[in-house]
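Undergrad: Spelled out from the first residue to the last, the chains are:
Protein chains: 2
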Amino acid sequence: MHRTYSMRQSRAPTASQLQNPPPPPSSTKSGKFFGRSGIGHAMRLKTHSALNTRGPELSKKLGQLVKMEKNVMRSMELVGRERMEVAQQLSIWGEACDEDVSDVTDKLGVLLYEIGELEDQYVDRYDQYRVTIKSIRNIEASVQPSRDRKQKITDQIAQLKYKEPESPRIVVLEQELVRAEAESLVAEAQLSNITREKLKAAYTYQFDALREHCEKVAIIAGYGKHLLELVDDTPVTPGETRQAYDGYEASKAIIQDCEDSLTNWVNSNAAVSSNLSTRARTLSQRRRNNIQRNAQGHDLTGQDQPLNDNESGLWVPAEVHKGGDEYEDEEEEEEIAHSHQGSITNGELRGRQEELA
Amino acid sequence: MHRTYSMRQSRAPTASQLQNPPPPPSSTKSGKFFGRSGIGHAMRLKTHSALNTRGPELSKKLGQLVKMEKNVMRSMELVGRERMEVAQQLSIWGEACDEDVSDVTDKLGVLLYEIGELEDQYVDRYDQYRVTIKSIRNIEASVQPSRDRKQKITDQIAQLKYKEPESPRIVVLEQELVRAEAESLVAEAQLSNITREKLKAAYTYQFDALREHCEKVAIIAGYGKHLLELVDDTPVTPGETRQAYDGYEASKAIIQDCEDSLTNWVNSNAAVSSNLSTRARTLSQRRRNNIQRNAQGHDLTGQDQPLNDNESGLWVPAEVHKGGDEYEDEEEEEEIAHSHQGSITNGELRGRQEELA
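So the sequence lines, in the order shown, correspond to chains A and B. Sequential numbering of the first sequence, starting at 1, is according to the UniProt record's numbering. Sequential numbering of the second sequence, starting at 1, is according to the UniProt record's numbering.
Treat the hints loosely; a few may be bogus.
A pair holds if it fits inside one copy or across any two, identical chains being indistinguishable in the list.
To be verified - Pairs of lysine-lysine residues, derived as DSS-like cross-links and limited to a Cα-Cα distance of at most 27 Å, are as follows: (1) K252 to K200; (2) K61 to K225; (3) K225 to K163; (4) K163 to K200; (5) K225 to K67; (6) K252 to K61; (7) K152 to K225; (8) K200 to K161; (9) K161 to K150; (10) K200 to K225; (11) K152 to K252; (12) K161 to K252.
Source of the hints: derived by calculation from the structure; they are not laboratory data.
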């Protein structure tokens, strides 16, 4: 387990690190959204490079995660495929051996092949998790234009007030700013709500899939050990021949039992438990109570109504936002189109097949 | 599950397959050890290509398996590494989010990183399994020369009897053949014993490692779901800010609980069981009883004595056999050297590091 219980480097710097600080970051290459270089500069940079295929700053980190997850999927797929090949090769080798070794290796091959198939199924479910994470990336990308617009109008007002303080356009722009701010408030609330909803959905899905996969593979491993007991490993002396093998029915029954166990596995009878200690349970419960109390403190029903015609309460498709189609990502263009068209929870949406084809 | 409960294509041919049989195998390119072309031909071929880097026919299929397992290991290693990278990227993304999302994604990163580390540990254990399978390949390779020698002498005797039936060398060769046959009987018994012993050891080890790995990952998945409950996903209305996050202690306690569960996991309290049905249990028990009865039928203690100074009863290192060093495999030369020098069960023998370096 990571020592500090955090992936972030939050440890205090060592004496040596304090003595030799890293060089200061280049002020011309900052590229940071929130930084000393000011928001306006970052905005202008972004506007000028509208044809650039990189997504807006806000969705960049998550876009990177989505890409990295694709690599994980490809590697897992490779493991599954190679495992199936190994299973076949084990059976091929065993074929020339004595009857018991031959039968058991063939059946072991069946079990290993099954692990490979489970791995392939897990990759499909991993893709579902990834598609859900993508929907967070998309909302991040769609919120950016509304931030941009607010900033742009604020800039224009400031410029006009400096150059032509009497211009009638200032009033028009100020009204526009009020509208932009309202839009931005909605967008930020959407971002907050969708991010949480989808984050929980994505990882709940991933962890459930992972648990199912792991328990099933552990079941197979157990039956594999039963199979091994059919091999007669009592040593023979030179010239002695082994007794005829009488385990064909037994090995077949073991495989059948294994298949039944896998077929009947449901989430509700998962064997591995992850119980919380008293301390963790108390702390978690306190947190959940607070969440619930806050939720009850407001009557949200009236306020939510105007947006309720959309799928997730506050969700507005990215293209509804002005400039929402600005987000482009060469590699993933097709996939974004998918997630805009169809619901994220649509079971038939399998990015993987098209991507890998 | 594989329909036929076998990896082998034992199904009856279809009408279409019977109508269009595959072309007959080329008689000049046979390459088969046991076939119509006769053992002598295969032997001569082998002798002439002694400098060929391919191993003897007998260990070829298993040599192939060993190579394929190396690929499985590399792919699994890749998955582990990529999973760790993904864990870090998730934390990086979460850093800019609200406090609760930031804390939970960071802690999720810790759990995912741990999965990656477990995968890496599993690869190490997979390598141990693979090294054990290699020892079967090595005994297969070492038995080959003794088969060859017997055949060679038999051929010489037949040739002499035809060309010079009165030659005094025939008697000498016949005595030599008796010795070669004795050697061969020992070699075949060794092959049978080592194959069974190591096959059971290798797969017992793999299945135990797999079970441990799977149960631990399932534990992590469970704690991951506890973490997700700390995220406040009650929707906020535009302009509303969320309550301050109070879950830092809770998330830390969850991670600590998870770490404790992983640290205290032992094989004996494995949660996933693979119980046999009554039928499979009866059949398996019958088979085991038969094995035991046969083992008791002989008093092997006296016969085994001459070889007892070796590690596994009948095991003789490959190089003791005349021509045992004939087996070569460019890619794996170094590894063979390893497994000749050290015991297979030596925990410090890790082919993986050197191979991948």
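Undergrad: Which numbered hints turn out to be false for this structure?
TA: Hint check: 3, 4, 7, 8, 11 and 12 fail, others pass.
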